[in-house]
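Spelled out, the chains give:
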Amino acid sequence: MINQTDIQATLKQHFGFDSFRPGQREIIEALLHGDAALGMLPTGGGKSLIYQMMGYLRPGTVVIVTPLLSLMQDQVARFNYLGEKSVIALNSTMDAQEKFTILAHLNQYRFVFISPEMLSQQSVLQAFQRIQINTFVIDEAHTLLSWGPDFRPDYLELPRIHHELGAPSLLLLTATATPAMQEDLKGRFDLGAAQWFTYTESSDRPNIYLHTEELTNQEDKRQRLQFLVHQIPGAGIVYVSSRKMANSLAEFLRHATGKRVAAYHGGLDNVARYRLQQQFMENQLDVIVATSAFGMGIDKDDIRFVIHYHLSQDLANYMQEIGRAGRDGQNAVAILLYIKGDERIQQHLIDASLPTDAMIEGYYAKTLSQRDIGEERARLLDYYGQHNLSVPAIQQLFAERRVVREADLAKMVRYAQSRSTLRPLLLGYFGEKATSDFESIGMAKWELSAVELPERPRVAPSESKMDWTTILTKLFKLS
Amino acid sequence: MNPEFLLTLFSKQQPRRSHVIFALLKQQTTGSAEYWGLRYQLLDWFGLLPQLRKNEYEHALQQLQQNKDLEQTEPGLYLLTDKGAKAQAQYANEHYLPQQNASRIQYQTGIFMPLFLQANQVVSEWSYHNRQYYPMQASLKQRQSIKQWFKKQDKTQLVGNWFETLQAFLATLPEKTANTLAASWVGHETAGLNYDQMHLPEAWTDFDFYLWQLDQYTALLAYLEKHVTIENPLVQLYAVVGKRTQFPASMQTSFDAAKAGQALTDIAQTRQLKLGTVQEHLLTAAIWLPIDQFPYEQYLTDDLKATFAQKLTDPDIDAWRFKTVRESADIQEFFNFRLYAIWQTKREQGYD
Chain E
1 MINQTDIQAT LKQHFGFDSF RPGQREIIEA LLHGDAALGM LPTGGGKSLI YQMMGYLRPG
61 TVVIVTPLLS LMQDQVARFN YLGEKSVIAL NSTMDAQEKF TILAHLNQYR FVFISPEMLS
121 QQSVLQAFQR IQINTFVIDE AHTLLSWGPD FRPDYLELPR IHHELGAPSL LLLTATATPA
181 MQEDLKGRFD LGAAQWFTYT ESSDRPNIYL HTEELTNQED KRQRLQFLVH QIPGAGIVYV
241 SSRKMANSLA EFLRHATGKR VAAYHGGLDN VARYRLQQQF MENQLDVIVA TSAFGMGIDK
301 DDIRFVIHYH LSQDLANYMQ EIGRAGRDGQ NAVAILLYIK GDERIQQHLI DASLPTDAMI
361 EGYYAKTLSQ RDIGEERARL LDYYGQHNLS VPAIQQLFAE RRVVREADLA KMVRYAQSRS
421 TLRPLLLGYF GEKATSDFES IGMAKWELSA VELPERPRVA PSESKMDWTT ILTKLFKLS
Chain Z
1 MNPEFLLTLF SKQQPRRSHV IFALLKQQTT GSAEYWGLRY QLLDWFGLLP QLRKNEYEHA
61 LQQLQQNKDL EQTEPGLYLL TDKGAKAQAQ YANEHYLPQQ NASRIQYQTG IFMPLFLQAN
121 QVVSEWSYHN RQYYPMQASL KQRQSIKQWF KKQDKTQLVG NWFETLQAFL ATLPEKTANT
181 LAASWVGHET AGLNYDQMHL PEAWTDFDFY LWQLDQYTAL LAYLEKHVTI ENPLVQLYAV
241 VGKRTQFPAS MQTSFDAAKA GQALTDIAQT RQLKLGTVQE HLLTAAIWLP IDQFPYEQYL
301 TDDLKATFAQ KLTDPDIDAW RFKTVRESAD IQEFFNFRLY AIWQTKREQG YD
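Sequences listed follow chains E and Z, in order. Sequence positions in the first sequence follow UniProt numbering and run 1 to 479. Sequence positions in the second sequence follow UniProt numbering and run 1 to 352.
If you're looking for bench data, these hints aren't it; they were derived computationally from the structure. Some clues are possibly wrong.
What the hints assert, rightly or not - Calculated pairs, EDC-like style, for lysine to aspartate or glutamate (alpha carbon to alpha carbon, straight line, at most 20 Å):
no., chain 1, residue 1, chain 2, residue 2
1, Z, Lys-141, E, Glu-98
2, E, Lys-186, E, Asp-372
3, Z, Lys-305, Z, Asp-318
4, E, Lys-300, Z, Glu-189
5, E, Lys-477, Z, Asp-154
6, E, Lys-477, Z, Glu-125
Stated by the list, open to error - Over 10 Å on every C-beta distance to chain Z, these chain E residues come out as not near it, computed from the model:
no., residue
7, Thr-143
8, Gly-192
9, Lys-477
Just so you know, even glycine gets a beta-carbon here, dropped at the ideal spot from N, CA and C.
Start from the sequences and build out the full structure, keeping to the hints where you can.
Right, dumping it as structure tokens:
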């Protein structure tokens, strides 16, 4: 039996820490005790340490289901960085031969990251059935609810897959789940004799100053963004809703503020993305203009501001995105810039991901093809088609889904338009109460000094003006 | 990929098949695609974009059509419009077009490039004795190759040799080219720069930079081949990739036998292949080889040439149709017809 001393020694040996962050020890002990665990820990609260510890505390392979490819690769890089080599990411970028080799030697890996799509494949599932699973982890578990029914049907299969794997020790991790979402999540899994252990840490990030402004038109919003980016010192992220916007705003900010700004989105190739991450980490880049679907993997702890130039999909996502600020515990600021009608972008995204009644009918009647309704929608409908649901039942399902998403978007808009308080609205979404005046609303109330940001961080010089001999000398420590 | 780039591959005079161009970019080897690649003088673009997705390609074509840069003359066949021809010229003016296509295919530069960037990072971190860093992303295959390569290296010589080779190579390049290439490298406390962080032409996109890099790494490989011996760590890294063999083994065997004078029917029989397959092997060899390296005279007799010359009178070889010369069901007839077209194309394009 593993005791307290073993846990403490493992923490010290692998991570160099003397103590846990809130929730980590509790969840690890529950898993060792045979419970299933749902851990709701704030972004930056050290969720990955929990499953890493499990990998060192008992034998078998820790399987981590992760939604995004970029996130998966970042995690593997982080494990490598910590000296862990026995880790692999199984995903769609692999060729058949690679996949085959890995599946044949699956038990040699201590940690396997995998996408839900890959895990749903029969041959893959069979390979996992043959090995001893230490813990089955679903990271960003809220995506099981928020993405599943829309465009990642394979997420819906995870409870069945968990069952088919013989219901191994289960760990659901999320930073953002309302009490209702937590219950919904837990209800989907068959635990056998095991019990649920739930650890909920408040979603609140008291060191993040909240601020919103409603502006009258696009040009004002752009000017305001320019002012804020120019004014607030330290590293920052600006969130926008499209790649095109990320590119054009990055260019605008570069010229208008003189800061070092780059666009960061899914259209970048791996190497370009790697360079930007490293530049940002090393403070050679001041501001990143990012699309929200991307960059879940950034692990920089001294980000001082997050500005939303567009609305998030809902408050859960908003929380997740602003949660990248101030991970070092020092003060930081989260600003939302809004103009009436901004919600239309999100509304379009809802429309684009959910099929209409006519599409559903036409697709099943074969009068509409995948080409007509789009690949994502077709994949969803194929999924439901395989589950023998009637057309009206499927239409009903999507109608309900639309209602939920639109209601969530309405709450996001209410936050943007609030004239009284912010934190209670944000935390209210997670079923929490909040009292704090570390926030302000409106341009007139904005005062940078109220945020009490820490001292200006080290700014590293850019590499742009070096000649090749200097670069070579620096790269290889030669002269 | 930049949609306008595709204009480079179309012509104002010669209607071209979009699926042929797609197959060439993807390095899909079918006899017909390669024949038409020869006709369009596009064989040099072979395998430039192995990752290109059909959807992306078709979408780009649609966009160019909507823009009135391309027009469809019959299903699947496209011609540049006047506007398109201007756009093509403008594109060539503002953007980067690969200069070293033939060598790039031979060296398989596209496979070497990411491998080099990885290895370069590994050597750089090693020179600082640093083991704690975020490795660049790589496929499992790449990582295993690098691991094996690294294990084999003499660690006392590695950093010095690596550095000196790169130094000598960069010195052969124009100053600005060398600066740009070196600035893109990732290593110890060196994040490297993206194309838009360097002083490159305003209109360039990541695609231009990709093509530009392919040329630079092709130049590096040519340099290695000429100046450096097998013990060099860069040469050993390149050994993981290696040069592309000109033809697949089976095709080479057919071709060698044919060159030695064996009849195609005999080759088919001994090798237990269909005659059509052997013919395909020979046609492909003819397409890729210079005119003097293929034994045309073994198949295209003077009589045959005279008959073809009489019947195939259209000066535009694209317009030749097999039915014009077809006399029986013998598949040798198609082989002769196609080979004649290849021979004439090579003469017309000045390969002789």
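Going down the list of hints, with the structure as the test:
no. : hint                  : verdict
1   : Z/Lys-141 / E/Glu-98  : holds (7 Å)
2   : E/Lys-186 / E/Asp-372 : violated (37 Å)
3   : Z/Lys-305 / Z/Asp-318 : holds (18 Å)
4   : E/Lys-300 / Z/Glu-189 : holds (16 Å)
5   : E/Lys-477 / Z/Asp-154 : holds (18 Å)
6   : E/Lys-477 / Z/Glu-125 : holds (9 Å)
7   : Thr-143               : holds (22 Å)
8   : Gly-192               : holds (35 Å)
9   : Lys-477               : violated (4 Å)
Checked against the numbered hints given earlier, this structure breaks hints 2, 9; the rest are met.
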